[in-house]
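Here the protein sequences come in this chain order: A and B. When you line the first sequence up against this note's numbering, it's residues 1 to 392, in that order. When you line the second sequence up against this note's numbering, it's residues 1 to 292, in that order.
No lab work stands behind these hints: they were computed from the structure. Keep in mind that the hints are not guaranteed to be accurate.
Label pairs and their in silico Cβ distance ranges [what the hints assert, rightly or not]: (1) A/Ala388 with B/Gly11: 39 to 47 angstroms; (2) B/Gly64 with A/Glu367: 15 to 23 angstroms; (3) B/Val80 with A/Lys57: 52 to 60 angstroms; (4) B/Ala61 with A/Ala298: 13 to 21 angstroms; (5) A/Lys57 with B/Ile73: 44 to 52 angstroms; (6) B/Met146 with A/Gln266: 19 to 27 angstroms.
A few chain A residues that don't get close to chain B, going by computed Cβ distances all over 12 angstroms [what the hints assert, rightly or not]: (7) Lys46; (8) Ala82; (9) Met96; (10) Gly137; (11) Asn205; (12) Ala232; (13) Lys265; (14) Pro374.
Below, computed lysine-lysine pairings styled on DSS-like, alpha-carbon distance capped at 30 angstroms [said to hold, decoys possible]: (15) A/Lys240 with B/Lys143; (16) B/Lys143 with A/Lys203; (17) A/Lys69 with A/Lys120; (18) A/Lys120 with A/Lys294; (19) A/Lys240 with A/Lys366; (20) A/Lys57 with A/Lys135; (21) A/Lys247 with A/Lys358; (22) A/Lys240 with A/Lys368; (23) A/Lys43 with A/Lys347; (24) A/Lys320 with A/Lys90; (25) A/Lys265 with B/Lys164; (26) A/Lys247 with A/Lys381; (27) A/Lys366 with B/Lys164; (28) A/Lys120 with A/Lys381; (29) B/Lys164 with A/Lys247; (30) B/Lys143 with A/Lys368; (31) A/Lys381 with A/Lys161; (32) A/Lys381 with A/Lys265.
Only a predicted model underlies this, so the values are computations on that prediction, with no experimental measurement involved. Don't be surprised by glycine CBs; every beta carbon is placed ideally from N, CA and C.
Each chain, written out:
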Amino acid sequence: MTSKAPTALAVALALAVGGVMPATAQGPIRIGASLSLTGTYAKLGKNQHEGYQLCEKEVNGKGGLLGRKVQFVVYDDQSMPATAVRLYEKLITEDMVDAIMGPYSSPVTEAAVNVTEKYKKVMVAPLAATTSIFKKGRKYIFMVISPAEVYLEGLVDMAAKRGLKTVAVVNEDTLFSKAAASGAVELAKKKGMQVVFTEAYPKGNTDFSALLTKIKAANPDVIAAATYFDDAVALTRQMKELNVNPKMYGVTVGGDLPEFYDTLKQNAEYIYGATQWEHTLPYAGNQEWFESYKKEFAHDPSYHSAAGYAGCLVYAEAAKRANSLDADKVREQLLKLEMRTIFGDYKVDADGFQVAHKMVTFQWQKEKKVTVWPDDLSKGKPLFPTPAWTGR
Amino acid sequence: MNVVVTPAMLGQVIISGILSGALYAMVALGLGLIFGVMRVINIAHGPLLMLGSYTTYFLYAHFGINPLLTVPIAMAVLFVVGVLLQRGLVFRVVDAPELSSLLLTFGISIMLVNLAQLAFTSDLRAVEYITGSWLVGGLAFSKPRMIAFVFAAAVTALSFLVLKFTRLGKAIRATSQSREVAMVCGVDVGRIHMLTFGFASALAAAGGALLAVIVAIQPEMGGVWTFKSFLVIVLGGAGNYPGALVGGLLLGLVEQVASLFLTTQLSEVVAYVLLVLVLLVRPSGLLGGRQT
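Let the sequences and hints guide you as you build the complete structure.
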């Protein structure tokens with residue numbers, strides 16, 4: 001070997017190191033995420049994206065993080081878990097981002113987290129509500145929103161307090177809805193209520209006649225439905241058609257969207273829903289945040305926006321306390337952190353599972369969502385019992 | 001936890017089954033026509049139905065047109081779309097191996113869904129028109145589904161009359177039976193292909209327009225309808241047009257009755273088990289294939 005080769009190599013190395021290192025040190029902290037910007041979850045994924053954008057703007061407005069600007073690198077996973085896996089792989093290995101934030105939805109997070117764990121990257125996953133994701137011995141994932149199991153807690157609790165005895169639980173047969181339904185069944189049993197009917201239906205089901213015919217025969221006091229949007233709408237319409245009249249009827253996801261009322265109009269009245277967040281909740285700065293979001297994006301935020309925003313702030317706070325972006329140091333802080341944002345409380349157990357955030361239950365009353373549970377966060381009272389369809 | 005099934009409950013789900021069955025029959029007739037005449041399995045049939053739903057939605061939301069009046073408009077619009085698709089793309093694969101036509105229509109399907117996502121976003125839309133039901137002797141007849149049933153029955157009946165008695169209908173059936181003989185007899189086969197595709201798209205659009213008042217509208221709503229239509233024409237006998245009617249009603253009833261006695265989840269399994277059984281026992285469908 002001539003003496004030129006090692007010299008050339010050394011020069012190349014020096015160039016590479018010298019050329020790249022200072023640039024990254026002074027450049028922005030790049031936070032990578034894949035989000036559902038198209039596909040089934042597009043609407044919700046976009047709201048989460050806007051939450052991230054607002055967080056980025058705010059952190060930068062306050063002088064950045066660890067003395068550097070923050071910049072999101074976001075790709076579209078088309079609401080598909082397999083695509084998200086590929087994108088997180090790319091973010092970490094090709095784009096070499098400095099930090100990671102979670103995607104939208106439980107199924108996508110469940111897939112993507114395998115990548116972030118493999119590379120030992122912290123992932124605050126603000127929109128994953130399925131307990132099992134956090135109970136598989138994973139080290140670097142952190143939960144922000146309340147788990148699926150407690151979505152129907154408010155409905156069941158209110159029903160039990162009013163002396164109702166029987167409940168029917170139905171759910172879409174997918175990860176989140178199944179967990180929400182099983183949580184409702186457990187809780188109802190614990191409160192001494194009788195679960196008289198349970199049934200799951202496939203995703204995309206549009207005809208609930210047979211299911212509701214059976215529910216009508218079982219005649220429960222309460223119908224607790226672990227739904228997404230389409231099925232919540234179809235179920236409600238067909239309840240009216242088949243004249244099914246429970247004393248209380250609640251849904252999970254979808255029921256809190258303004259479109260739910262736009263679609264069902266007065267038929268949405270009296271329906272209970274659960275939400276992770278409302279702009280009317282008495283958390284400090286909540287109303288102001290709501291206004292600034294509306295100004296920025298020209299539409300109302302949903303809880304997905306608020307959770308995305310809060311999750312990003314939680315990560316930033318932990319990194320600040322760790323004074324580092326090192327995964328293990330940030331992880332340590334995230335496990336210790338107790339923080340209240342406009343989204344409510346953040347505190348996790350040793351698995352990164354959320355234990356402090358509170359779910360609230362609302363009821364549609366005169367075109368508005370009125371918070372009715374829990375008492376300390378509520379402004380209104382539930383209209384009880386729900387009148388029969390024919391008596392409205 | 002189980003509910004005892006009473007005759008009244010059975011009656012209720014039979015009503016629901018017939019109501020949805022008529023809709024299945026009408027939409028599947030479109031898929032069956034294209035297959036019969038061109039030997040093309042149109043995967044884009046469901047997405048064409050979705051475009052029908054959006055047509056109704058926009059006419060209703062922006063111009064306040066009564067959703068029922070939009071049915072013929074949606075049919076006309078999608079007739080044109082169908083003709084253009086046939087003229088532009090599908091005619092190229094009519095004589096190609098069946099895999100080519102599957103690939104092409106699959107591609108068209110993806111294209112339509114994604115264009116719809118771009119143009120309409122994936123926000124859920126709904127047409128809130130008539131809700132509730134008529135109660136007759138303890139049985140509920142859902143208003144929107146009854147209306148859809150009546151329209152679907154009328155459109156299907158009209159389609160059969162056209163196929164049976166008009167010159168065009170005869171030409172379509174002749175082309176379906178034997179393209180060469182039809183050509184020899186002076187039928188412009190290319191034109192028949194084009195019109196059939198347009199007509200079939202219009203049937204899908206009618207289904208979409210009627211569904212608009214029943215379910216939430218979104219770009220991916222059509223996919224399941226391609227599969228259901230496929231199931232219906234295989235059950236009834238591919239290429240046999242009255243078979244669509246038998247297959248549609250059968251599917252509607254099986255789905256509902258299975259949901260009642262088993263669960264909603266298992267009803268889909270039952271429908272596909274039925275498909276397998278029919279294919280094993282009567283591969284040409286319940287009414288036999290291609291006798292028009």
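*Provide an ascending list of the numbers of those earlier hints which the structure does not satisfy.*
1, 3, 7, 11, 12, 13, 18, 20, 25, 27, 28 and 29
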